[in-house]
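2 protein chains.
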Amino acid sequence: MTLTYQAPLRDMRFVMDEWLDAASWWRDVPDWQDLDSPTAQQVLEEAARFVEERIAPLNASADLEGCRFDAGKVTTPAGFRESYAEFVEAGWPTLSLDAGHGGQGLPQLLDVALQEMLAGANHAWLMSPGLTHGATACLQTYGSERVKKALLPKVASGEWLSTMCLTEPQAGSDVGLIRSRATEAPGTDGYFIDGSKIFISGGAHDMTENIVHLVLARGPDAPPGTKGLSLFVVPEWLEDGDGGRSCNGVYCEGIEKKMGLKGSPTCTMRFERAFGWLVGEAHRGLACLFVMMNAARLQVAMQGLGHAHTAWQRAHAYAQERAQMRAVSVPPGANVAPGKAAPIAFHPAMRRILMELRAIVEGERAIGYWTAHWLDIAARHADVAEREQAAQLASLLTPIAKAFFTANGYGAASNALQVFGGYGYIHEYGIEQTLRDSRVSMLYEGTNEIQAIDLLIRKVLPDGAVAFDVLLRQVRAEARLCQESDPPVRAAGAKLAELAQTVESTTRSIKARHAQDPETAYRVADDYLAMLGWMLLAFAWARALRIATPQCEAETFYVEKRETGRFFFDYPLAAFAYRRSLVAAGCEATLPYV
Amino acid sequence: MTLTYQAPLRDMRFVMDEWLDAASWWRDVPDWQDLDSPTAQQVLEEAARFVEERIAPLNASADLEGCRFDAGKVTTPAGFRESYAEFVEAGWPTLSLDAGHGGQGLPQLLDVALQEMLAGANHAWLMSPGLTHGATACLQTYGSERVKKALLPKVASGEWLSTMCLTEPQAGSDVGLIRSRATEAPGTDGYFIDGSKIFISGGAHDMTENIVHLVLARGPDAPPGTKGLSLFVVPEWLEDGDGGRSCNGVYCEGIEKKMGLKGSPTCTMRFERAFGWLVGEAHRGLACLFVMMNAARLQVAMQGLGHAHTAWQRAHAYAQERAQMRAVSVPPGANVAPGKAAPIAFHPAMRRILMELRAIVEGERAIGYWTAHWLDIAARHADVAEREQAAQLASLLTPIAKAFFTANGYGAASNALQVFGGYGYIHEYGIEQTLRDSRVSMLYEGTNEIQAIDLLIRKVLPDGAVAFDVLLRQVRAEARLCQESDPPVRAAGAKLAELAQTVESTTRSIKARHAQDPETAYRVADDYLAMLGWMLLAFAWARALRIATPQCEAETFYVEKRETGRFFFDYPLAAFAYRRSLVAAGCEATLPYV
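Protein sequence lines, in the order shown, are assigned to chains A and B. The first sequence begins at 646 in this note's numbering and counts up by one. The second sequence begins at 646 in this note's numbering and counts up by one.
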């Protein structure tokens, strides 16, 4: 097994060109009038080449080597520094950055595909540039002119890497408990920051000559709780204007020994009279971070997808090559001598796992890219109402994608590991690393439980929450199109319509019950999110089935699309009813305290 | 967080004394007439003390340190050698060994409880003594007098550790592909073994002065496939009769880098003209191993339970101590200041996880111990028909426990990790090690997919397979008792009766469909096994609810039993219907080849 990562370019093309029909929409955006499918595919092919050749080969070695911490300095694994420099040199960090800010101004859709590739190839490596977009958006939106001039160009280009410093030992999900303080720095336009932060990915490293920290802290006269938090930007090094630089009070005190992501340094940081500038208004730090965290959450969802894809690819390759036991049945034309061991890919238990991996990966790719597409519409559509609605839809889809994709990414890794049998437990086969690396995405950028609360309690239940209705309309529109199609597609459409109906009535039940028992929504939030996740996959597969009709070209790709789509409705979608039954349970039955 | 392992003695006592009422049965066995609950509990308390004080503290350090391989020699982590010597000295390996063979002759039930403790405290440590019972049973049953004299006493006492050498690179699940060969050793009563084996747990180490390998190989004139396999016993060192010893041709060529179990050396072994004796008849090696593998499979099930218990214990302790966010509701009398962060144990999403962990752990403990109890009946009952039936029931329950408990143990570790948030990903909190260590039990001693095939195709579907009917009778008898009880218990009884009915009719459907399409049972086996697993947990909880009535003493233990039992029927049991729907899908829909 010497399988290295291969980017799923064919399916990416299917999703962009056929499932989303993105190019037809690009034509209406002035900046993207010249952007067509061949151009987009060329970008993705170049990205794939870079990721496959330069990033993927560092994945296993970085896991073995890990990061080194010595006297406040962090050394990243061999090859990270050089490959990151090439990444910046090639302009990948600015792919979707406005041309006005020095970027290439391409759709976020392409950037999200790049994120998927990077996560699937080498999640630890991706951790360093992971916050570049978020930090850029945050400084663009809220930074003072001074900050924009001093920091933004190098942050946006990726020349300097960024971090997000929220968590403190006592303040994880509950950022209101943050204690770090900012005091005015006399005679300057800035502040001194003092405090300790933990779990800071890339808080210190040797990949760039400066690191720009976005730090949540309590400014002067801050009220307690989240309403007293302000955001500050604190560079590791300060430039003195004469081309020299001086050390700021930013210290890395250690790195964590983690389950996975060993190539990415998770740092404990101490800020001691560290000079920084306020970003946005005082006491409005969380709002400023929101723009950063939303971008980050969709990226985390792409990590789940990337891991699921890698898991699928590894398990699929292994199952073709490994022969054990006679098969109960073999596909027509299979070259297996009678009485001889068959590739395990023929055994039903393995086919179940492999088909489910594939169904999840390809379904999620459509939904993940769809979300990115809404972000593009939100950013670029000529009509302000369209922009607003797209933004709300993206904001509804983001927590679902984050929690559902990351849980599935981890589940996919474990299921794929099972295909390897005992070899799966051994490092050199790679899949156990996928499992370990994938686990973190269920925890950071808001645990998956926090995503579920965000979805149900902040975005679905409130009166006037329109995005949920928009989503159901989208799903039902697809169901109708399917029901006007050929018989197998018609069945998928009918099923999809039924799911939308169930989601709507279940939502109504939760709302009614929650009005009487304000714990209800908290009991059912996780299963509710998963229900919506499965409905979205059904939406993805119904549309894919509608597109990949037997009338379209006879390429194996479409035949397999149809088979996978049918399989999805036959098997994995049973999870929707399961989640629904758990939501019903949570509406009925209280929960003991343990 | 400095939580160390605490054995669940209170629940173990509940299961043995009340759920199984084991002592009433022990009175009918001559050897166990003096064995009563206080004596049994005293044994378990001593075991708990040893495990908590000597074994558990080595768990995290062994994971960090790992095993070292140098020039054919393997060094185990600090403390393993000494603590194992104490374990042998204290007689723990011979707890359930016949007094006639130098053991203490106690029920296997107690031994299984010890296995649970060891697995929960330090799975890697347990790997070394893990095969002592199986090897003892195998040599007792099939060893020649010469072998029994030369090897059995030291194997049985644990003075020498044992291994099981099956797997070769090309032969994992498919042992018929084994290539290792045995040739007669001229002028002796033995054979020379040549071949390579992989994934041999404890193939080499520094814990005992000799290691006894049970090796599957092809003897002279062996037919191909599994019917050509014979079993040989090959000691690492041969004794020359004068108290000296000579090196046998047994070489460790390396140890694996694994996802977990880092304290246990997984060895690649080369046998080169290694002298060994035939065990049992030639070409009947698999049959001889069966006795060993059955014992091992129930032990592996206990690993799943042990990990689930540890996961529950760690997450529960953490959730009490960690305060984040205001709670939607708090239990009566809780000491949380208004507006302040509450222990996360109060948050509904965490209560869901914690209650489910508890429901699974305690339900599985009852079922696991029940299986051991049947093994005791099979070994000791006065009536031969009772013995036979008990053996068949144990043999039916074993693959279910192995696959269901290990999948749940791993699932429990991941769910418990989620309770820790970001801290769960950090080594020092211990839970990520539980996750990594627990994963292997789904793979070895027959992957969980192999267990499912064993259950459905070998033990349920064949005509004349009586154990399945016996199991359903047991379940229905409990359902009837519950239905004669108080209202809440009655509801559980009615549900249990319904589950038994569903299992019976589903089994009939599979059988009918399988007769037409011989792939059917292979498609549904995994979900079928899980269905039976959930039915067994419902059986466990129905009986627990029946016992823990409000009339019984007011100890918190019983109040919590009732709450957990009710929770089980309200929430986790929804998985039964889910698995049932997947079995139905597998009966209907074929599977594509990927």
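Since the hints were derived computationally from the structure, they do not count as laboratory data. A hint or two may mislead.
Put simply, identical chains are the same to the list, so a pair is met inside one copy or across any two.
Dumping the calculated DSSO-like pairs for lysine-lysine here, alpha-carbon to alpha-carbon at most 27 angstroms [unchecked claim]: (1) 1104 to 1156; (2) 985 to 1104; (3) 1104 to 872; (4) 872 to 985; (5) 1104 to 794; (6) 1140 to 793; (7) 799 to 872; (8) 718 to 1156.
I'd like to know which numbered hints this structure contradicts. Please list them from smallest to largest. 5, 6, 7 and 8
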